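Q: Keeping their order, the protein sequence lines are chains E and B.
Heads up: the first sequence begins at 1 in our numbering, then just goes up one per residue.
Heads up: the second sequence begins at 1 in our numbering, then just goes up one per residue.
No lab work stands behind these hints: they were computed from the structure.
Keep in mind that this is a model prediction, so the values were computed, not measured.
Please note: incorrect hints may appear among the correct ones.
You can't tell identical chains apart in this list, so a pair holds if it fits in one copy or across any two.
[As the list claims (entries may be wrong)] No farther apart than 25 Å at their CA atoms in a straight line, the calculated lysine to any residue pairs in the SDA-like style are these:
#1 Lys96 x Arg145
#2 Lys533 x Asp63
#3 Lys49 x Glu60
#4 Lys49 x Asp121
#5 Lys590 x Gly580
#6 Lys533 x Tyr123
#7 Lys533 x Asp313
#8 Lys533 x Ser568
#9 Lys585 x Val94
#10 Lys127 x Pro275
#11 Lys49 x Tyr123
#12 Lys457 x Arg10
#13 Lys101 x Asp18
#14 Lys184 x Ala173
#15 Lys98 x Asp18
#16 Lys96 x Ala298
#17 Lys120 x Leu48
#18 Lys505 x Asp313
#19 Lys585 x Ala560
#20 Lys96 x Pro297
#21 Lys53 x Ile136
#22 Lys457 x Phe8
#23 Lys317 x Ile193
#24 Lys127 x Glu484
#25 Lys534 x Ser458
#26 Lys542 x Asp121
#27 Lys96 x Pro109
#28 Lys505 x Val579
Number of protein chains: 2
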Amino acid sequence: MLRMSTLFVRTLREDPADAEVASHKLLVRGSYIRRVAPGIYTWLPLGLKVLSKLETIVREEMDAMGAQEVLFPGLLPREPYEATNRWTEYGPTVFKLKDRKEADYLLAPTHEEMFTLLVKDLYSSYKDLPVVLYQIQTKYRDEARPRAGVIRGREFVMKDAYSFNIDDDGLDATYFTMRESYQKIFQRLGLPIAICRAMSGAMGGSRSEEFLFPCEIGEDTFVRSPGGYTANTEAVTTPPLPELDYAGVPAPEPVDTPDATTIETLVAVANDLRPRVDRAWEAADTLKNVVVTLTHPAGERELLIIGLPGERDVDMKRVEASLAPAEVEMATPEDLKAFPELVPGYIGPEVIGPQSARRSEDEPMALRYLIDPHVARGSAWITGANEPNKHVFNLVYGRDFEADGTIEAAEVVAGDEAPDGSGPLEIARGIELGHIFELGRKYSEALDLKVLDQNGKSQIVTMGSYGLGVTRTLAALAEFNHDEAGLVWPEEIAPATVQILVTGKGDELFEKADALAREFEAEGIEVLVDDRKKVSAGVKFKDFELLGVPYGVVVGRGLADGTVELRSRRTGERVEVPVGEAVAKFAEFKA
Amino acid sequence: MLRMSTLFVRTLREDPADAEVASHKLLVRGSYIRRVAPGIYTWLPLGLKVLSKLETIVREEMDAMGAQEVLFPGLLPREPYEATNRWTEYGPTVFKLKDRKEADYLLAPTHEEMFTLLVKDLYSSYKDLPVVLYQIQTKYRDEARPRAGVIRGREFVMKDAYSFNIDDDGLDATYFTMRESYQKIFQRLGLPIAICRAMSGAMGGSRSEEFLFPCEIGEDTFVRSPGGYTANTEAVTTPPLPELDYAGVPAPEPVDTPDATTIETLVAVANDLRPRVDRAWEAADTLKNVVVTLTHPAGERELLIIGLPGERDVDMKRVEASLAPAEVEMATPEDLKAFPELVPGYIGPEVIGPQSARRSEDEPMALRYLIDPHVARGSAWITGANEPNKHVFNLVYGRDFEADGTIEAAEVVAGDEAPDGSGPLEIARGIELGHIFELGRKYSEALDLKVLDQNGKSQIVTMGSYGLGVTRTLAALAEFNHDEAGLVWPEEIAPATVQILVTGKGDELFEKADALAREFEAEGIEVLVDDRKKVSAGVKFKDFELLGVPYGVVVGRGLADGTVELRSRRTGERVEVPVGEAVAKFAEFKA
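All chains should be built: construct the whole structure from the sequences, respecting the hints.
A: This is the structure:
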């Protein structure tokens with residue numbers, strides 16, 4: 001039994017200054033969490049109770065599917081990460097340090113290497129497989145922009161599981177069993193989830209899905225089609241466009257276009273100086289060339305130019321997903337200084353990519369040029385002429401210029417066709433709570449995890465990777481289960497099921513509240529008693545609403561007539577019941 | 001139900017090469033733990049089960065005494081540790097790192113600052129107190145010599161609790177309540193414990209006790225007297241000696257003592273050249289001056305000389321405890337080079353301490369000299385004359401030389417008198433599992449944790465600190481509960497209570513074992529079934545003995561006659577029981 005009179009909690013009426021999203025505000029105001037440093041939080045008693053219950057649900061479902069729990073260290077030596085090249089690849093997101101003997105260590109952002117090595121240590125035969133191991137463990141990632149409380153933290157709790165199979169069919173089977181376990185977890189939590197096709201990103205691998213909680217404040221954008229296609233926008237592929245016949249397209253023509261440094265002004269100038277007869281020029285007729293800076297894992301930087309139709313924006317997350325593990329940023333004027341041929345606002349293909357005068361043995365990569373698939377081969381464009389106040393018309397891709405390759409860079413917009421032909425896409429936002437994917441043999445090859453097969457032949461094991469952000473899921477639950485007044489926890493993870501509020505002064509009220517609490521607890525129902533003596537009923541109701549215990553029992557004026565009030569935080573419903581029947585009536589009230 | 005056929009475990013018949021103590025060997029051989037780096041371990045499924053049960057017992061006793069659980073981050077910012085000066089004081093034992101913005105962080109070796117700041121954040125009145133908070137959390141310490149598996153690790157699990165009281169009486173009361181909780185924890189674990197007076201060391205504070213598990217392989221030495229005095233040797237104080245009358249002692253006399261660089265040779269030479277009439281010279285007549293190097297937290301080094309009777313060795317742990325937070329090492333010949341007046345083997349008081357020619361305004365600390373309390377004021381000594389092959393006789397402490405102070409430096413030996421007069425001390429070794437102490441106001445003052453008292457006056461809160469090494473306690477349990485063949489877990493923390501061994505080939509044996517397992521589990525008894533098909537009975541028995549599940553049920557040849565065998569791993573007892581009564585008979589068998 002928890003008692004408000006001694007519970008380590010102090011509710012706040014004001015939102016914390018650094019909080020922007022509801023879950024963050026309410027978890028701080030309800031004393032569930034406290035910030036220690038950017039993206040690093042302490043769990044207070046109420047928060048830890050919710051977190052533990054959430055972990056228990058995850059653990060139960062993992063155990064139920066036959067996964068076995070282990071616990072790896074958070075502090076790991078450099079060597080295994082060297083073998084897989086990730087010591088370098090991880091870049092600035094990994095916290096690195098040295099011990100007193102100057103040996104290199106890292107704070108594990110993920111544990112692929114450790115799981116692989118552990119299975120290699122113990123197992124040696126196909127008869128040992130399949131095996132699925134998991135842990136619920138603290139992870140560290142030095143995020144550039146920690147945000148929204150525990151939604152994107154730098155120290156956070158994750159469940160990560162890995163499966164080990166002798167062959168791809170086995171991996172598929174384990175993948176789908178794990179997928180069902182994830183569905184069960186989110187069903188138990190009552191959290192709606194969109195399962196999206198995803199890129200496996202820096203991890204390598206093939207089959208890959210994200211479990212997104214659809215939500216306005218989410219950082220991930222995903223799409224869905226009427227025909228059931230669901231994907232993270234990073235994973236959406238553009239259906240290939242047919243090559244166009246450019247036989248009738250005149251030769252490229254440079255045109256003075258003063259002050260046309262934006263697509264909008266360029267279209268206006270084009271319609272003014274070179275009007276079309278069939279229709280007006282549109283943004284879709286212009287080819288925009290966007291310069292980005294890549295920072296490769298080892299630290300070297302590269303300028304890269306991306307060409308896409310002027311009516312589309314670049315989606316940096318799609319670009320990043322395509323270019324991982326490099327980090328990508330928009331190039332700054334400073335970045336451009338070393339390349340005087342790049343005239344801001346007037347960049348065109350004629351000086352970049354395969355056309356670049358800088359291409360040499362020494363600098364084969366200089367000004368790499370990638371084209372978004374919305375640019376069809378054979379299509380003609382208005383684009384920069386690489387001189388101030390000048391554009392070129394009728395520049396044909398495949399005739400007048402080439403690129404170094406294609407890249408999914410343009411933002412996906414509502415109405416785009418799903419790549420599987422299942423209809424126009426709708427765009428939504430969400431928070432990524434889980435990610436499952438077939439990792440394949442990347443780590444088992446790098447770390448030489450082999451077992452003997454049925455024929456006594458040595459075989460590389462194939463792996464699956466299954467992550468679930470535990471602290472982030474807690475935040476998503478808070479996000480999904482709140483109203484203006486505060487949190488409204490689902491019963492399975494609430495810090496208590498019933499909050500008994502004493503709203504009056506007589507000792508008999510407090511005694512009755514205690515007796516009731518014991519009755520509830522005898523039925524296995526967890527109780528938080530608000531037994532504070534000098535706190536008004538108004539404050540107690542406000543705290544009840546803020547803390548989010550799903551049901552309330554008010555022991556107050558009605559007690560003189562032998563009644564208490566049951567309240568549902570979720571529905572707002574209230575009923576007076578005889579105090580002697582409170583526990584029995586509560587079962588009906590809930591139902 | 002656990003099944004050996006799928007359990008992630010592979011027992012080893014050979015001891016691991018790097019293991020010296022039984023618990024380390026057996027935990028590795030039984031696949032409870034695996035080493036990842038020095039002092040850093042992974043917990044495998046069986047190990048994690050035992051660890052979780054141990055954590056549950058600790059949690060239950062903490063909750064029972066009213067402590068509230070929280071969870072602090074492992075990665076902490078520098079600032080709070082600056083305020084208490086511990087960023088520097090901790091020295092090389094703390095892992096430090098920088099984030100991507102070059103901000104300083106540390107991996108928490110302990111969380112005093114965080115607990116203090118959290119209470120300061122939430123509480124403001126004496127009415128809020130007392131409060132006791134605790135966490136069960138991963139700690140990081142860059143030990144110079146990690147050893148013995150998880151006994152001294154660099155990443156380990158600790159329960160740390162802090163109490164906050166308005167006054168000293170309250171702190172005393174909380175201290176004793178916590179002391180009882182610790183006693184209950186170790187009683188539940190069946191682990192014998194010596195509660196020893198201790199130094200609070202680098203932590204500051206006053207009342208301080210360690211919970212030691214007495215054990216030969218322990219790193220801590222403690223003493224006990226027939227009258228019940230128990231103390232860590234670091235905390236043993238030497239009863240003060242009365243001052244001697246040196247009126248009859250002749251003036252100091254330098255004597256040539258060729259090759260007398262050890263106490264043994266010096267005593268022989270003295271008896272040879274200057275025999276006493278009343279008795280022979282003994283080591284106890286010589287004053288040994290030992291040079292140590294102090295490394296202060298900020299990094300500066302200092303030579304310090306300790307004087308003690310020649311028949312006693314220096315106990316570096318006692319010296320370290322006295323000089324904390326400085327680190328102490330024996331000085332090397334290299335260290336002595338800057339001080340030509342220190343002639344190795346012939347160092348005497350006449351050139352050190354207050355007698356040092358180096359004492360000046362600029363260098364007041366040079367060659368500080370501290371005297372062990374076994375050297376009485378007024379006593380006469382044979383000691384070094386600061387020239388090669390020369391000692392001085394009749395050098396009287398307080399007449400011919402002074403020291404800068406006293407230090408408890410000499411080793412405590414069996415037969416020494418207890419400081420409280422409770423008789424001669426016996427020496428024993430142990431592993432420190434817990435440490436409770438009254439921290440007082442060190443942290444609350446440094447971090448300004450004040451509350452308003454009954455009179456509206458601001459008061460500094462007083463704190464208690466209560467640590468318990470969870471992973472180390474697990475190792476102690478393994479150390480205490482093993483025999484030649486393997487581990488023998490106590491039921492409360494065993495990975496399972498009953499191991500069912502199928503020793504035969506018929507399908508009916510495996511089916512019966514499964515049915516029996518379900519019967520046991522229906523009674524709430526946890527079962528590990530050894531259902532491996534191509535494994536011999538001999539291997540199964542060996543694994544049963546190694547893994548340490550306390551009871552076995554053998555389903556084998558007897559089944560034809562309707563019986564199974566119950567075995568106790570602890571007593572070796574075996575009984576045949578009818579298979580239909582196995583569960584009922586098991587209750588009797590255990591009792």
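Q: Next, verify each hint and record whether it holds.
A: Verification of the hints:
1. Lys96 x Arg145: both (18 Å within a copy, 22 Å between copies)
2. Lys533 x Asp63: Classified as between: cross-chain Cα gap 23 Å, same-chain 45 Å, threshold 25 Å.
3. Lys49 x Glu60: both (16 Å within a copy, 14 Å between copies)
4. Lys49 x Asp121: Between. Shortest inter-copy distance 20 Å satisfies the 25 Å Cα cut-off; intra-copy 36 Å does not.
5. Lys590 x Gly580: within (17 Å within a copy, 44 Å between copies)
6. Lys533 x Tyr123: between (61 Å within a copy, 17 Å between copies)
7. Lys533 x Asp313: Classified as neither: same-chain Cα gap 60 Å, cross-chain 62 Å, threshold 25 Å.
8. Lys533 x Ser568: Answer is within: at 24 Å inside a copy they meet the 25 Å cutoff, but 55 Å across does not.
9. Lys585 x Val94: neither (54 Å within a copy, 56 Å between copies)
10. Lys127 x Pro275: Answer is neither: 73 Å inside a copy and 81 Å across each miss the 25 Å cutoff.
11. Lys49 x Tyr123: Close across copies (21 Å), not inside one copy (37 Å); limit 25 Å.
12. Lys457 x Arg10: Between copies only: 21 Å across, 64 Å inside.
13. Lys101 x Asp18: Answer is between: at 19 Å across copies they meet the 25 Å cutoff, but 39 Å inside does not.
14. Lys184 x Ala173: Classified as within; 17 Å inside a copy, 48 Å across copies.
15. Lys98 x Asp18: Intra 33 Å, inter 23 Å, cutoff 25 Å: inter-copy only.
16. Lys96 x Ala298: Both: 14 Å inside a chain and 23 Å across chains, each within 25 Å.
17. Lys120 x Leu48: between (35 Å within a copy, 19 Å between copies)
18. Lys505 x Asp313: neither (64 Å within a copy, 69 Å between copies)
19. Lys585 x Ala560: within (19 Å within a copy, 56 Å between copies)
20. Lys96 x Pro297: Cα proximity of lysine 96 and proline 297: in one copy and across copies (14 Å, 23 Å).
21. Lys53 x Ile136: both (13 Å within a copy, 16 Å between copies)
22. Lys457 x Phe8: between (60 Å within a copy, 23 Å between copies)
23. Lys317 x Ile193: within (21 Å within a copy, 58 Å between copies)
24. Lys127 x Glu484: neither (56 Å within a copy, 31 Å between copies)
25. Lys534 x Ser458: between (73 Å within a copy, 22 Å between copies)
26. Lys542 x Asp121: between (56 Å within a copy, 21 Å between copies)
27. Lys96 x Pro109: Both. Shortest intra-copy (11 Å) and inter-copy (17 Å) distances satisfy the 25 Å Cα cut-off.
28. Lys505 x Val579: For lysine 505 and valine 579, the Cα distance is within 25 Å only inside one copy (18 Å; across copies 63 Å).
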